[in-house]
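**Q** Take a look at the letters that make up each chain.
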Amino acid sequence: MEHAEKTVRSFKDEVMAEPGGQHLQRCYSCGTCVSMCLINQTCPDYNPRRILRMVMLDMRQETFENPTIWHCSSCDLCYPHCPQGIRISELMQAIKNIAVREGYESPLPTSQVDEEKCSGCDVCEKACPYGALSLVVKTIDGKERKVPQTNKALCMACGICAAACPLSAITVEDHSNEKIAARIQAGHWLKKTRGGEPKVLVFNCSWNLRAEDDRAAMAELPPNVRVVTVPCSGRVDPTFVLSALQAGVAAVLVAGCEPGQCHYKQGTRIAQGRMHTLHNMFEQVGLDTSRVRFVQIGTEERGRLPAMIMDLVAELKSARVPVA
Amino acid sequence: MAKNSKLKVAIYWAASCGGCDVAVVEIGHNLLKLKEAADILFWPAAMDFKYSDVEAMPDKHIDVCLFNGSVRTSENEHIAKLLRLKSKIMVAFGSCAYEGCIPGLANLYNRGDILTRVYEETPSTENPNGVIPTPHSKVPEGSLELPEFYDWVKPVGMVVPVEYSVPGCPPVASQVWAVLQTIIDGKLPPVGAVLGAGTKNLCEECERIRDGTKVKKFVRPHEVIADPNKCFLEQGIICSGPATRAGCGRPCIHVGMPCRGCYGPPEGVKDQGAKLLSAIMAVIDPEADVEQLVQQIADPVGTLYRFSLADSQLQQTKWAEEKKK
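Here the protein sequences line up with chains A and B, keeping their order. Just so we're aligned: the first sequence equals residues 1 to 324 in the numbering used here. Just so we're aligned: the second sequence equals residues 1001 to 1325 in the numbering used here.
Bound-form chain B, shown alone:
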């Protein structure tokens, strides 16, 4: 980064809940330091900008773009490509951009199923004429355009190349600030790195007691009153900790919820769900009925791939099968 001029930063949200934008705000008084070091050229969730502002920029004008949200519509894709063109460094910021996150679970369904469910079936919907949004609609006043709702959800890195990824749903404030500091100081690691997180799994930093108890039964968190000091997995509660990257500071564990895996797989793990499955099935009790244990995992994809389905080998296999058919 040029020392004499301020850093130019853009923050965008695609298919996301807004939590990642809130995570940036959560750095609190450090926002003033960010403002001192950087000009924010684009941040639709917080300030008034138009897409035309970005379009008017010369290529590579933005130093760093923090892109949060996955790609679900043609608008998401268009802006991802536009920001890629205008940015020197693109960061997949937060779990949606990094690995698809919760929106990625929509890949379990197709576009038709989702639109029908949302616009016709949900109890809170009143839509007597069965109007379903379409990219182009003719109305007496002329024609209206909406972004196309794709049949799939992809992490931004599958649509445009990204230099770095920051995991987390959302990334925790301390890590957001650590990442911003790295950017401000110009101390970014080699391209491809995961920023704002550890390299090993969450168990590395978890203080809960592990005494070697094997799993007799898998239970869901609401089905038991868990011992607040013991390892969740040893209590039969599926905790994604073993197959999840460390670095979040364990906010879920501290409030009595098992890790759900939002920091993605640890370094070197290709597929978080497969690795988690490999680990949790290895610790079953010799006396337990295996088939019952299998049945006790309600919604296995949602449990094991809660945040990483769109970026998983399982998903790739599915897309490859569809392509060949």
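So that you can see chain A by itself, here it is in the shape it has in the complex:
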């Protein structure tokens, strides 16, 4: 009987029975969520309205086979705007959970743990905004050890764990310490003097630019400014900042999202804590505090970043921060 009941249950009912899925039926496909969502910048096919509609139309197989169902990072930018008050992130999570049980895997990159380097300190588990890392007991080289394991269905590859790991035992594809360092150095940027102009390194959250205009304005920045895109401002390890300053950069600016609008929930708060403490330490050792800057940019002010960068350049010039 139970089996029969399962087969007759529609996909819609299945999703609604899953924790987080209960409000599915409230959706009347207005598409406000799509207009708020930042994901279509990187994945134009991602369309939460369409996915929810597919669920309601019982398109079970097609939904699971749609590679975009894994993209929602629960930033909840859409939530306050949904006229029906649906937490779409939770609905998407409900769909993901069922997909995982059905044996589907997220095609998105995830964090990779180097078990050799790992000490099992558990910092990553606490750092992950998605609960995607959890310690498991494994036998490694004949020893029983606790090491984190990535839950691929939950990991959004924000890289917060990679920055948090004290032993650099976690990497996220494309945003490893080495790759970020290479992006900073590309074209011998650190070595070249820029005609007396102070060099400014910007770590920009990948969700900070929205319109094509924003991107175009960033491309027009002068050569003494280098913009390194990171998945999230929470990926920025203060070591990156200090290494850049030591290499002769006049100032480092880290740009994250406004709290509450962070694409990876906690990243911008983590970056804020790090950068503001770094600022306090600069004050304590007597270093010029204009050399470490942190800004949080709301969705409405995305275009302001280039102007903020140029303001910092001007400030550095008037403060006579030494130029390498």
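Honestly, I wouldn't trust all of these hints.
If you only want the chain A side, here are some residues facing chain B, beta carbon under 8 Å, derived [what the hints assert, rightly or not]:
#	residue
1	S119
2	V123
3	I160
4	L167
5	D237
6	P238
7	T239
8	L242
9	L245
10	Q246
11	G273
12	R274
13	Q284
14	V285
15	G286
16	L287
No farther apart than 27 Å at their CA atoms in a straight line, the calculated lysine-lysine pairs in the DSSO-like style are these [claimed, not checked]:
#	chain 1	residue 1	chain 2	residue 2
17	B	K1006	B	K1035
18	B	K1270	A	K146
19	B	K1214	A	K152
20	B	K1270	B	K1324
A short, non-exhaustive set of chain A residues, derived as facing chain B with CB atoms under 7 Å [what the hints assert, rightly or not]:
#	residue
21	C121
22	D122
23	E125
24	K126
25	A127
26	A163
27	A164
28	P166
29	H276
30	T277
31	N280
32	M281
These are computed hints drawn from the structure, not numbers from a lab. Using N, Cα and C, we set each Cβ at its ideal position, and we do this for glycine too.
Starting from the known structure of chain A, arrange chain B on it as the hints suggest.
**A** Quick look at chain B alone, frame taken from chain A:
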């Protein structure tokens, strides 16, 4: 080391508290084994030697010099250079020599501030004439000389090249003996290695329970009665364990104090304070007020770089800025 002759060892203290010399004595009965295997040619803290004894030695006469203490005065620098000349192997022994340690925190101030504070302002000081030590002073009997008090504190490795480093404030006795045994047995690893410690972080060996609790508030150890079985960091007490090299045996943790970081950064970490900051801010509770958390870290440099400031990128940045100005 030549098998037929005894090993020649020197132990010196520069700007240090003497704890590292005590740490050598703490190997207890193994001192007799050390004496059997080695001749101690120079150890001012324990035996009567003069600098002229060292000056009279041929170059590279000493097999191994355990140099403890940071470089803070011209005398420290002079003896570091002298011992470097006379030793085949120089070991930065203990946190001061390795990374500057507590004396390195004096880099937060300059020479003038320190001398004024010590010789004029401290409540226990009576100095009505405001006498401040100077390298040269004229007195009726002639002129007196004192070593110059530098404006900075540096680990010995920044003043002369060293082959190895032994972390710890002070290095724990079991590790001191392990290092000495390695030296006696002639089984030293490739130059540049950190001796007498692990490679990963302290959490690797810590037995306190970690249950994934995030930090709502940072507190200082004296502000709370901490659960003796739970991870300090999960209780909001900043513990340097995540960014500190393992190997000390956790004496602080065992007496209810968080790790303060004296074993320096783990293998591969350039800057202990930055890495610790990166870790502790990543584990904050989503509901907590970030600005309050930032303010709750009283004395961030002293907390995050308690032992490693003089060897940090933060310090290098500061020195580079000063140089350019």
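**Q** Can you list which hints this structure breaks, lowest number first?
**A** Every hint satisfied by this model.
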